[in-house]
Amino acid sequence: MADADTESPMQGSGASFDALMRCVPGLRALLLRMTRDVEATNDLAQEVTFAAWQAIQAGRLRDAAALPAYALQCARNAALAHARKPRPATFDELPEAESAWAERQPTPLECCEEGEIRALARQVLAELPTERDRALIRGFYVDGRGKPELMAEFELGKDQFDRVISRARGRMRELMLEKLNAGKRAVGGSAAAPLPFRSNTGASR
Amino acid sequence: MTALDHYLLRAYLDGELDAAASEAFELLLLERPDLAEMVDADSALRLGLASAAKAAGGSAADPAAGAGANVVPLHRPARWAPLAMAASLLLAVGVGGGWLLRVPPQVAGGAQLLYVDKTRSGDAATAARVGATRPVVLMVPVAQLDACEARIEVQQPGRAPLVTTAVPDEYGYASVVIAAGALQGGQALVRVSCGDGAAAEYPIEIKPAS
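Chains as they are written, first to last, in my numbering: chain L, 1 to 205; chain A, 1 to 210.
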């Protein structure tokens, strides 16, 4: 029996699996941006990742350079399908892949529960130096008001506006990373993900 | 991240890229976890603040208020926090005869905001639905370059005027509180003056809340 990382371009190799896993943070970010739903993002990210993995194993995706484009299209299709149906499909027919999925490196956002995201967002808001900045962020993120409208209301130039928004985004990322790293310290000594994993479909054997 | 990364990221998040550029950036995103983290941070900020606002009782409520801050639901959040703060600092003191603009004992719980929008034409009345059972927090622009204590007067036909003085906040708005039921349906005129200067007048149309 051959290992799953037996060399064959983009066919169930460990390298291709690594390449796919590297896409996951971006896939999740795109899906969350498209769905605005953390739970749906979790499900869809798995769905898309496994779909891409199956495509690799089936030999439908031979060029490694095409992987991001393929994954991006899968993500769009999945997000559209999600918008049309109440629940995304689950992929429980790939137990080994499920395991590998669970053991991969999570993104900072995945380490935050809904209440924690809310608390971090509040902290970002509270740390902004002026009430004007806070009002700007509330208008942009909470009320969904447009950039030109807010710039006019607060009499801000584009650079000033961008500075406030960028500061808030950057601080949110810092806080989520801090949370991720704190979680890592709390579970110190855990084993690394056992990659490459074996496929249970036999396609790469 | 490079300056170009920052530029593209901001343009992408703000929806300023065309379809082709957006797709190119999204492909880059799949290969750059650091960029993905920034996109996630933007989404998390949006989700977190929306969730906090919802938890606070209204889409435009102050998401930072969840830790016990004094909250009044408003429809114009950009002006809201200073207003609530000003209201809580008891800026309104009634001095007129008959009616008084005064601070109800518990403003924060159910007060309603009435916002005089200075960006609209002074000839156009701002329409507002006002309930009879809740106090009203009235926020008015004070068009004065120098610091002043503004005299604010609310006039309605057939009724004695409501009069008070208030200090504008850093955005040039003064906040006063009107007792529940003190405004009646129909036309109202808000007059704002500082010292001996000419009064600015803002018409308001009060509509009883159904």
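Treat the hints loosely; a few may be bogus.
Once the Cα atoms are required to be at most 25 Å apart in a straight line, the calculated DMTMM-like pairs of lysine to aspartate or glutamate come out as [said to hold, decoys possible]:
#, chain 1, residue 1, chain 2, residue 2
1, A, K54, L, D143
2, A, K54, L, D18
3, A, K207, A, E149
4, L, K179, L, E153
5, L, K158, A, E153
6, L, K147, A, E23
7, A, K54, A, D14
8, L, K147, A, D5
9, A, K54, L, E116
10, L, K147, L, D162
11, L, K147, A, E153
12, L, K158, L, E110
13, L, K158, L, E127
In case anyone wonders, no lab produced these hints; they're calculated from the structure.
*Taken at face value, is the distance from the CA of E110(L) to the CA of K158(L) at most 25 Å?*
32 Å, violated
*For the pair supplied as a hint, K147(L) and D5(A), confirm whether the alpha-carbon distance does not exceed 25 Å.*
20 Å, holds
*Hinted pair K147(L) and E23(A), Cα distance within 25 Å*: 22 Å, holds
*Decide if the proposed pair is consistent with the structure: K158(L) and E127(L), CA atoms, cutoff 25 Å inclusive.*
Cα-Cα ~22 Å, so holds.
*Given pair status - D143(L), K54(A), alpha carbons within 25 Å*: 11 Å, holds
*Agreement of K54(A) and D18(L) with the hint, judged by alpha carbon distance not exceeding 25 Å*: With Cα atoms ~40 Å apart, K54(A) and D18(L) exceed 25 Å; violated.
*Are K147(L) and E153(A) close enough, with their CA atoms no more than 25 Å apart?*
35 Å, violated
*25 Å Cα cutoff - pair K179(L), E153(L)*: Outside the cut-off at roughly 35 Å; violated.
*Given hint E153(A) paired with K158(L) - CA-CA distance at most 25 Å*: With Cα atoms ~38 Å apart, K158(L) and E153(A) exceed 25 Å; violated.
*Measure nothing beyond the straight line between the CA atoms of K207(A) and E149(A); if it is 25 Å or shorter, mark the hint as holding.*
The given pair, whose Cα atoms are some 29 Å apart, is violated under the 25 Å limit.
*For the pair supplied as a hint, K54(A) and E116(L), confirm whether the alpha-carbon distance does not exceed 25 Å.*
Measuring from Cα to Cα gives roughly 15 Å; hence the hint holds.
*Quickly compare the C-alpha distance for K147(L) and D162(L) to 25 Å and report which way the hint goes.*
9 Å, holds
Checked against the numbered hints listed earlier, the structure breaks hints 2, 3, 4, 5, 11 and 12; every other hint is satisfied.
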